[in-house]
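Start from the sequences and build out the full structure, keeping to the hints where you can.
There are 2 protein chains.
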Amino acid sequence: MNQLPLNDPIHLAARLGELLQTRGWRLVTAESCTGGWVAKIITDIAGSSLWFDRGFVTYSNAAKQDMLGVNSALIAAQGAVSEAVVQAMVRGALAHSLAEIAIAISGIAGPNGGSISKPVGTVWIGWSLPNGSIHSRCFQFTGDREAVRYQAVTTALHELLMLLEMQSK
Amino acid sequence: MNQLPLNDPIHLAARLGELLQTRGWRLVTAESCTGGWVAKIITDIAGSSLWFDRGFVTYSNAAKQDMLGVNSALIAAQGAVSEAVVQAMVRGALAHSLAEIAIAISGIAGPNGGSISKPVGTVWIGWSLPNGSIHSRCFQFTGDREAVRYQAVTTALHELLMLLEMQSK
Numbered sequence: 001m002n003q004l005p006l007n008d009p010i011h012l013a014a015r016l017g018e019l020l021q022t023r024g025w026r027l028v029t030a031e032s033c034t035g036g037w038v039a040k041i042i043t044d045i046a047g048s049s050l051w052f053d054r055g056f057v058t059y060s061n062a063a064k065q066d067m068l069g070v071n072s073a074l075i076a077a078q079g080a081v082s083e084a085v086v087q088a089m090v091r092g093a094l095a096h097s098l099a100e101i102a103i104a105i106s107g108i109a110g111p112n113g114g115s116i117s118k119p120v121g122t123v124w125i126g127w128s129l130p131n132g133s134i135h136s137r138c139f140q141f142t143g144d145r146e147a148v149r150y151q152a153v154t155t156a157l158h159e160l161l162m163l164l165e166m167q168s169k
Numbered sequence: 001m002n003q004l005p006l007n008d009p010i011h012l013a014a015r016l017g018e019l020l021q022t023r024g025w026r027l028v029t030a031e032s033c034t035g036g037w038v039a040k041i042i043t044d045i046a047g048s049s050l051w052f053d054r055g056f057v058t059y060s061n062a063a064k065q066d067m068l069g070v071n072s073a074l075i076a077a078q079g080a081v082s083e084a085v086v087q088a089m090v091r092g093a094l095a096h097s098l099a100e101i102a103i104a105i106s107g108i109a110g111p112n113g114g115s116i117s118k119p120v121g122t123v124w125i126g127w128s129l130p131n132g133s134i135h136s137r138c139f140q141f142t143g144d145r146e147a148v149r150y151q152a153v154t155t156a157l158h159e160l161l162m163l164l165e166m167q168s169k
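Chains A and B, in that order, give the protein sequences. Using the numbering used here, read the first sequence as starting at 1 and increasing by one per residue. Using the numbering used here, read the second sequence as starting at 1 and increasing by one per residue.
Simulated from the structure, these hints should not be mistaken for lab results. Quick caveat: nothing in here was measured; it's all calculated off a predicted structure. A couple of the hints might just be wrong.
Listed below are the simulated SDA-like cross-link pairs for lysine to any residue, each with C-alpha atoms no more than 20 Å apart in a straight line [as the list claims (entries may be wrong)]: (1) K118(B) to G69(B); (2) K118(B) to L74(B); (3) K118(B) to S136(B); (4) K118(B) to G79(B); (5) K118(A) to S136(A); (6) K118(B) to Q87(B); (7) K118(A) to R91(A); (8) K118(B) to A46(A); (9) K118(A) to R145(A); (10) K118(B) to C138(B); (11) K118(B) to G47(A); (12) K118(A) to A46(B); (13) K118(B) to S82(B); (14) K118(B) to F141(B); (15) K118(A) to G47(B); (16) K118(B) to S49(A); (17) K118(A) to S49(B); (18) K118(A) to A84(A).
Label-pair restraints from in silico Cβ distances [what the hints assert, rightly or not]: (19) G114(B) to G114(A): 31 to 37 Å; (20) I10(B) to Q78(A): 29 to 35 Å; (21) L98(A) to T22(B): 39 to 45 Å; (22) S115(B) to I10(A): 25 to 31 Å; (23) A73(A) to A73(B): 38 to 44 Å; (24) G69(B) to A73(A): 26 to 32 Å.
Here chain A is said to cover these stretches of chain B; the calculated rule only asks that three of the stretch's residues, wherever they fall, bring their Cβ under 8 Å from a Cβ of chain A [stated by the list, open to error]: (25) 40-54; (26) 94-101.
C-beta atoms are modelled at their ideal positions from N, C-alpha and C, and glycine is treated no differently.
Have a look at this one:
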């Protein structure tokens, strides 16, 4: 893992694909602020249909509710960019797919939408592993909209690889 | 429209966004071979939440059935890369979203999956307009996987703009 650069999403996705194929696992993505970029990177790879099941681009709150079953009261209470919502997105993605592993991302890419408590660059990422565990972390990325989204994509892939490799030890 | 280069997806998406915002319309995407790339390009644009509702990355046939309600018998009879399936994807995307306009893409990006009747580069694209009409066309793109996917993304956006501008005349 250490030789994998955080800024090389295609190699991260390829490594993830090798690992998933070896184990017979499939991936589902649920993306808000990254808007399908993780799915795009994954499907850059020929043969990714063997380990990538589907992706949800839940850009609107209505989409999070309809496609993933995220409770509207939860979004109202915690905000779409929150640990509770990203974990609900992970669970919803698993429940509405054939996958064993899920990535969910919800954040504020900017330039608008930030606040004092959740400034631009705040991104919650959640992952579920085949053992049923759910992991979630909040990141504070810097830079413009493109930079925030790019860091969210690479971090989501990189951290999932780390979690899977830790689990297998 | 004539001044819009076909190879500049971000400007095509921005122009589409201006047009949709002016009319109060929202877009939904259903992507197979492009794997979320259209949604990624759209959400590159700040404020796209005003006109982009959600995206379906229906990479597997099961995803096309579950997420968009495409009939499995239709996929079996016509193939996932066919006019009937891309039109069913358009209808399913509209039915499972709040959008008035849909883009659907199903093709063979390669390097594998091609056949004599449907070689690598064969891509069906479908669009629905707010007047209820559905349009679909088959394209034969050239180049490698990246080139085929890129041409599918730019063509999907470019043709939708052309259809909307023709409709408004």
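Structure-based check of each hint:
Restraint check: the Cα-Cα separation between K118(B) and G69(B) comes to about 24 Å, which exceeds 20 Å; the hinted pair is violated. For the hint linking K118(B) to L74(B), the alpha-carbon distance of about 17 Å falls within 20 Å, and the restraint holds. Distance check on the hinted pair: K118(B) and S136(B) sit about 16 Å apart at the alpha-carbon level, within 20 Å; holds. Using a Cα cut-off of 20 Å, the hinted pair K118(B) and G79(B) holds, with the two alpha carbons roughly 10 Å apart.
In summary, the hint linking K118(A) to S136(A) is supported, as the alpha carbons are separated by about 16 Å, within the 20 Å threshold. A hinted pair counts as satisfied when its Cα atoms are at most 20 Å apart, and K118(B) with Q87(B) qualifies at roughly 18 Å. For a cut-off of 20 Å, the pair hint linking K118(A) to R91(A) is broken: about 23 Å separates their Cα positions. Among the hinted pairs, K118(B) with A46(A) is consistent with the structure: their alpha-carbon atoms are about 17 Å apart, no more than 20 Å.
The hinted pair formed by K118(A) and R145(A) meets the criterion: a straight-line CA distance of about 15 Å does not exceed 20 Å. This hinted pair checks out: K118(B) and C138(B) have alpha carbons roughly 11 Å apart, not beyond 20 Å. Taking the CA atoms of K118(B) and G47(A), the gap is about 18 Å. The hint holds against a cut of 20 Å. Pair hint K118(A) plus A46(B) holds up; C-alpha atoms about 17 Å apart against a cutoff of 20 Å.
For the proposed pair K118(B) and S82(B), the alpha carbon gap of about 9 Å is at most 20 Å, so the pair holds. For the given pair, K118(B) sits about 12 Å from F141(B) by alpha-carbon distance, which is consistent with the 20 Å threshold. The suggested pairing of K118(A) with G47(B) holds, with an alpha-carbon distance near 18 Å, which does not exceed 20 Å. Using a Cα cut-off of 20 Å, the hinted pair K118(B) and S49(A) holds, with the two alpha carbons roughly 18 Å apart.
Between K118(A) and S49(B) the alpha-carbon distance is near 18 Å, which keeps this suggested pair within the 20 Å criterion. Restraint check for K118(A) and A84(A): the C-alpha separation of about 15 Å stays at or below 20 Å, so the hint holds. Against the hinted window of 31 to 37 Å, the Cβ-Cβ separation of G114(B) and G114(A) comes to about 46 Å, which falls outside the hint. The hint said 29 to 35 Å for the Cβ distance between I10(B) and Q78(A), and at roughly 33 Å that hint holds.
With their beta carbons about 40 Å apart, L98(A) and T22(B) fall inside the hinted range of 39 to 45 Å. Between S115(B) and I10(A) the Cβ separation comes to about 28 Å, which falls inside the hinted range of 25 to 31 Å. As the Cβ distance of A73(A) to A73(B) is approximately 39 Å, the hint placing it in 38 to 44 Å holds. Between G69(B) and A73(A) the CB atoms are about 28 Å apart, so this pair conforms to the stated range of 26 to 32 Å.
Coverage of the stretch 40-54 of chain B by chain A holds [criterion: at least 3 residues with CB-CB distance below 8 Å; count 11]. Check on the stretch 94-101 of chain B: 3 of its residues sit with their Cβ under 8 Å from a Cβ of chain A, so the three-residue criterion for coverage holds.
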